[in-house]
Amino acid sequence: MAEMRIVDAINAAMARAMADDERVIVLGEDVGIDGGVFRVTDGLIRKFGADRVLDTPIAETGIAGVAVGLAAQGMRPIAEIQFLGFLYATIDQLVNHAGRLRTRTRGRLTCPLVLRAPYGGGIHALEHHSESTEAMLAHIPGVRVVIPSSPARAYGLLLAAIRDPDPVVYLEPKRIYRAGHEEVADDGAALPLDTCFVLREGRNVTLVTWGAMVVETMMAAGLLASQGIDAEVIDVATLKPIDMATIVASVRKTGRVVVVHEAALSGGLGGEIAARLAEEDGVLRGPVRRVTGYDTVVPLAKLERHYMPSISRIMTAVRETMPSEIPA
Amino acid sequence: MAEMRIVDAINAAMARAMADDERVIVLGEDVGIDGGVFRVTDGLIRKFGADRVLDTPIAETGIAGVAVGLAAQGMRPIAEIQFLGFLYATIDQLVNHAGRLRTRTRGRLTCPLVLRAPYGGGIHALEHHSESTEAMLAHIPGVRVVIPSSPARAYGLLLAAIRDPDPVVYLEPKRIYRAGHEEVADDGAALPLDTCFVLREGRNVTLVTWGAMVVETMMAAGLLASQGIDAEVIDVATLKPIDMATIVASVRKTGRVVVVHEAALSGGLGGEIAARLAEEDGVLRGPVRRVTGYDTVVPLAKLERHYMPSISRIMTAVRETMPSEIPA
Amino acid sequence: MQVATFAVTHHRFLDPSGRTVQPLPAFANDPETLRELYRAMVLTRTFDTKAIALQRSSRIGTYPSSLGQEAVAVGLAAAMTADDVLLPSFREHGAQLWRGVTPTEMFLYWGGDERGSDFAVPREDFPNSVPIGSQAPHAVGVALAMKLRRQPRAAVCVFGDGATSKGDVAEAMNMAGNWRAPVVFVISNNRWAISVPRAAQTAAATLAQKAIAAGIPGDQVDGNDVIAVRHVVGEALHAARAGGGPRVVEALTYRLSDHTTADSAKRYRDQDAVAEAWKEEPIGRLRAYLTGHGAWSDDDECQLIDESTARIDRAAEQYFAMEPAPPSAVFEYLYAALPKALEGQRDEVVQGHHHG
Amino acid sequence: MQVATFAVTHHRFLDPSGRTVQPLPAFANDPETLRELYRAMVLTRTFDTKAIALQRSSRIGTYPSSLGQEAVAVGLAAAMTADDVLLPSFREHGAQLWRGVTPTEMFLYWGGDERGSDFAVPREDFPNSVPIGSQAPHAVGVALAMKLRRQPRAAVCVFGDGATSKGDVAEAMNMAGNWRAPVVFVISNNRWAISVPRAAQTAAATLAQKAIAAGIPGDQVDGNDVIAVRHVVGEALHAARAGGGPRVVEALTYRLSDHTTADSAKRYRDQDAVAEAWKEEPIGRLRAYLTGHGAWSDDDECQLIDESTARIDRAAEQYFAMEPAPPSAVFEYLYAALPKALEGQRDEVVQGHHHG
Ligand SMILES: Cc1ncc(C[n+]2csc(CCOP(=O)(O)OP(=O)(O)O)c2C)c(N)n1
Ligand SMILES: Cc1ncc(C[n+]2csc(CCOP(=O)(O)OP(=O)(O)O)c2C)c(N)n1
Ligand SMILES: [Mg+2]
Ligand SMILES: [Mg+2]
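Residue numbers (this note's numbering), protein chains in the order written: chain A, 1 to 328; chain B, 1 to 328; chain C, 1 to 356; chain D, 1 to 356.
Hints are computed from structural coordinates only; laboratory data are not their basis. Each residue gets a CB set at the ideal place from its N, CA and C atoms; glycine is no exception. Heads up, a few of these hints could be off.
[What the hints assert, rightly or not] Simulated coverage check for chain D against chain B, where a stretch passes if three residues somewhere in it have a Cβ under 8 Å from a Cβ of chain B: (1) 101-107; (2) 138-144; (3) 201-211; (4) 295-308.
[Unchecked claim] List time: in silico BS3-like cross-link candidates among lysine-lysine, alpha-carbon distance up to 30 Å: (5) C:K279 / C:K266; (6) B:K302 / C:K340; (7) D:K279 / D:K266; (8) A:K253 / C:K340; (9) B:K47 / C:K266; (10) B:K253 / D:K279; (11) A:K47 / D:K266; (12) A:K302 / D:K340.
[Claimed, not checked] With the Cβ distance kept under 7 Å, some of the chain D side facing chain B (calculated, not the full set): (13) D118; (14) V121; (15) P127; (16) P131; (17) L148; (18) D263; (19) R267; (20) Q271.
Throw the hints in and build the complete structure from the sequences for me.
Here's what the structure looks like:
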């Protein structure tokens with residue numbers, strides 16, 4: 001067991017996968033001697049050599065496409081895109097190739113790649129460095145989208161993503177790369193994909209979230225508890241496909257739900273989750289609430305706080321789902 | 001007045017805009033002498049010359065980027081992408097530039113471009129030619145996404161899109177390019193953006209749809225009428241931003257809703273619409289239903305019919321929203 | 001001060017009338033080798049003819065003929081070993097046939113059935129890439145995998161003149177150069193990208209010079225001379241397999257047909273130019289050489305045409321006789337195992353809610 | 001048979017010690033012109049120094065210094081007219097300052113305030129482009145607009161060595177070539193793309209040769225010789241404005257600083273190489289020439305440094321004194337008019353639900 005932050009856990013998972021399986025290689029801009037701009041790949045080139053940790057030119061479409069080619073040849077590429085804001089150039093490869101190579105060839109060629117990228121705001125970064133557009137990626141058939149929210153889940157889910165025989169986009173909540181640490185056993189054990197994690201059990205309301213917003217949501221749940229409201233908190237973790245069974249079961253119990261995400265409201269995955277609940281007869285006992293980023297460009301640093309969902313917005317939303325007899 | 005099909009109406013709208021405003025130019029692959037692979041730009045180069053109807057090399061990212069540059073200089077470019085399946089390479093330009101040039105420069109530079117592309121399945125086309133991924137585009141802040149579903153709306157909405165001071169992605173339902181015709185006055189009159197069109201009024205259920213699925217939905221409404229179910233049909237038309245006021249008002253009246261779209265279920269815009277309704281207290285009197293494409297790659301021609309939403313699926317969904325006392 | 005100079009060289013062995021313009025490469029001294037190339041080109045043209053007929057009678061969908069471009073496809077395939085990997089665009093029917101894809105599989109694909117890309121042979125070749133140029137980075141990945149595993153193999157990526165304008169192609173060439181990846185990019189320059197002529201695609205004097213931006217060698221070859229194509233691609237592959245890095249080969253040919261069965265080239269191109277181009281087409285050229293050297297007779301020709309036609313017709317019959325895939329196939333290969341979350345959707349399709 | 005040949009030429013007037021290696025271009029015979037270039041480079045370096053200090057004290061965000069690259073930015077800006085349009089990457093502080101962007105606006109931008117890109121002057125220049133290379137197609141669009149309107153203007157697009165690997169840059173160059181668009185692409189080759197050295201970015205011997213793929217001229221210039229930059233970019237602009245089409249200019253310089261304030265170059269590069277590069281830096285070089293020709297004195301230097309520092313300090317104070325933008329600014333410029341559908345969201349922000 002070792003104390004790990006998310007950034008360490010991701011690094012450890014890659015090192016473990018590379019040690020276990022020589023088909024696993026890492027490629028991306030500055031992933032070599034620099035260890036990535038967030039140091040997520042730190043030390044890998046020293047351990048595994050420049051044949052397995054490849055610095056690429058600046059060419060995001062190319063990086064994704066090369067990963068597809070490597071994967072089709074039976075390698076297990078982990079491609080890093082430096083920021084989600086520069087990942088859009090890979091979407092063509094994700095939709096038109098990665099997500100459908102298996103389908104197109106009836107399983108003759110497959111695409112076991114992982115595309116990693118840090119995402120999300122709240123670190124006062126430059127333009128284009130605060131994106132949270134996971135919903136665009138989660139609409140792509142044939143891929144998975146995974147977002148961890150703790151060191152242990154970062155480790156276990158990344159190992160699962162690497163070993164998964166299909167393409168996985170793995171988005172890293174960079175705001176909490178170094179925000180906390182916990183004991184993580186570097187034992188090579190993966191966590192299940194396609195499965196939500198219930199982080200806290202509760203009876204009165206279900207809070208559904210993922211990524212860095214898990215922090216605010218858990219804090220809100222703590223505050224709610226002190227007000228006598230017992231919140232269940234679910235980390236969706238795999239955004240594509242979503243494990244709705246766990247979410248529906250929870251809301252069937254609590255009757256109320258607030259979905260929290262950093263992404264813009266319209267077309268964000270909160271809509272999908274809310275819609276699924278609305279499709280279930282007799283599950284919802286109050287209106288759905290979503291606490292999300294706004295339908296705007298993420299503002300630059302000075303105004304960014306007005307964009308990010310806050311604990312108080314979560315609290316307000318929870319109260320709005322509640323019948324009036326529960327204290328506000 | 002002239003009899004027009006959708007393809008004619010789009011052509012007429014472009015010709016009208018080009019005649020009215022010399023800043024309007026058309027660019028794209030094969031838009032010149034060939035008139036586009038669907039003949040949508042047919043004759044424009046003859047009328048307006050090769051300086052205003054530009055054949056481009058095969059370079060979708062470049063086409064979108066050039067349009068951004070033209071727009072920032074005060075031109076009104078209409079860029080054609082040959083199929084939505086090849087539009088993914090433009091997303092980087094749409095998110096990182098077109099949608100935020102105004103915001104970034106506080107209105108100093110703006111981006112009045114239109115990006116046109118045919119979309120949707122059902123024509124037994126080649127791979128990558130049947131996409132319906134409008135939801136990915138409708139999640140982008142600062143852009144509009146517009147989809148017409150009749151010749152008159154194709155004409156009026158395209159004129160509005162061209163004249164709009166902000167970027168508009170205009171997706172053309174290619175399955176019905178030539179499916180029907182109607183009298184359209186080529187009078188230069190635009191239709192409002194950001195507004196749904198109520199195609200049919202009804203009291204029992206609201207059917208919300210857009211694009212080519214308007215055809216199946218209207219047919220379903222006709223069948224429902226013969227069964228004593230009075231369906232209201234709404235063509236959303238502008239998918240970003242969505243005019244939820246009209247949809248909510250309708251469902252407030254009918255209490256029941258079915259959203260129909262060709263796009264894959266998960267992360268499709270049906271989720272957003274359903275979620276908005278679920279957020280409204282006391283509007284829904286039954287579970288929401290979505291009739292959509294599946295979360296798969298659109299199959300090639302031979303199996304494509306299994307993917308496309310059908311009238312019978314719409315009928316089934318409507319019945320599922322109904323209390324049992326209404327005849328099925 | 002000049003700091004760098006570059007040149008593009010053009011290669012040809014047979015002129016349009018089938019006369020040699022320089023000594024032939026060694027392989028071409030074996031008449032049987034040349035006859036094999038000849039037969040493959042004729043088979044390709046036979047396949048094209050049949051495919052167009054099937055499209056006209058709605059038995060397959062939109063189809064891109066390779067009429068006039070047979071020497072590029074056959075020549076490059078003949079230069080490859082079975083262990084090399086082909087990443088074609090969508091007009092390399094001749095290359096696929098040579099490498100063992102069956103005409104039945106090809107009809108299946110063009111008929112709109114995913115099973116057509118599940119070739120029994122060659123298992124590692126990529127399916128057709130419809131999004132122009134997007135397979136170029138795949139080729140670099142394939143080649144990189146070969147290189148990292150120290151295998152003496154190479155990837156061959158084929159695309160058109162239009163594709164050379166695409167950014168992903170430039171990125172791929174550049175990355176290949178960086179890693180000295182064993183990949184040969186063959187540009188099948190048929191002078192047209194749908195309605196856009198080669199001259200409007202780029203101001204570059206040659207397409208071979210796209211290689212210069214990536215710091216790799218680029219050559220031009222007469223793409224209607226199958227001997228030249230096979231020779232130049234063969235040398236490039238040899239170098240690539242031996243660690244010499246990537247190359248670009250621009251093959252000059254001509255699209256004698258419409259772009260696809262959905263196109264009508266008369267709208268945008270002069271028929272005179274097409275008539276001129278017919279004089280350079282590859283099959284007549286090699287036949288002239290072979291007959292001139294007593295290596296081919298009218299009888300051989302009749303027999304070849306009969307055999308080719310019979311083979312392709314048989315393939316079409318096999319295609320017609322295929323059981324349709326069941327509705328469940330829509331979900332079958334989406335993921336290695338269908339996620340639980342999608343089982344409901346799969347069941348809905350299988351139960352046939354979809355029959356409108 | 002050779003069918004095409006190409007060459008890349010390198011241009012320099014001043015060597016690293018400030019000695020002329022060939023006769024200077026006409027503009028350089030006016031000492032005041034050279035002093036102006038010199039002052040602009042010093043102002044740029046002063047700005048950089050201050051910006052780094054402000055970042056260290058958390059008054060602005062991550063900042064990319066242009067230390068050592070001042071001649072590229074100032075030289076290209078000096079070659080432009082007010083009517084030309086600049087499309088910079090994010091390290092062309094010297095070019096922005098020359099063209100009239102105020103240091104206050106620049107601090108505002110780097111401080112994370114959109115108003116910093118609403119320059120009072122020059123109104124048509126593009127804001128910094130953070131996504132590498134993505135402004136290259138914009139430059140073609142801007143130039144195409146100028147050409148279609150028959151204006152004698154040109155666009156200047158600047159990006160780094162790393163950017164030359166990007167597909168959109170290749171697409172842009174190619175399209176510019178096609179349309180003979182009046183655009184000059186300046187590659188500020190500072191030898192590093194974050195941690196990736198120029199040699200690992202591409203196998204190409206020069207970056208100027210990226211132009212060859214697009215069929216346009218490409219030249220190399222000593223990017224630490226401001227006279228050479230101004231001259232070569234000036235000639236390219238002159239040609240472009242006169243209908244001569246686009247060009248590529250590779251300026252060889254060196255990134256003497258870390259990539260940004262968030263970077264630590266010691267992790268990946270040898271300090272000896274940096275020390276070597278210091279010997280070539282542009283400011284000392286021009287000062288040596290000017291003092292050698294009696295056109296610059298120690299007094300001039302002291303005065304310049306005082307003035308530059310004072311001006312930049314004043315700008316920083318003005319930046320500190322700016323009223324923060326109100327929360328409503330988050331929605332204010334999203335569209336020309338806020339769609340009804342978003343009014344609720346805007347109101348929520350304005351009413352301050354957000355204060356967590
Ligand atoms: C990325 C992309 N854009 C557009 C298209 C539509 N399209 C199909 S073929 C073609 C022309 C291709 O020209 P070229 O590369 O010369 O190949 P050829 O068809 O001549 O073999 C175009 C534009 C496409 N398939 N992919
Ligand atoms: C498309 C894209 N990919 C990655 C990045 C992250 N990034 C910022 S600067 C940089 C290196 C740029 O190198 P170069 O083009 O040489 O410019 P320089 O920083 O040296 O001025 C990278 C990779 C980015 N901004 N945009
Ligand atoms: Mg072609
Ligand atoms: Mg650089």
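Q. Does the structure break any of the earlier hints, and which numbers would those be?
A. 1, 3, 4, 10, 14, 18, 19 and 20
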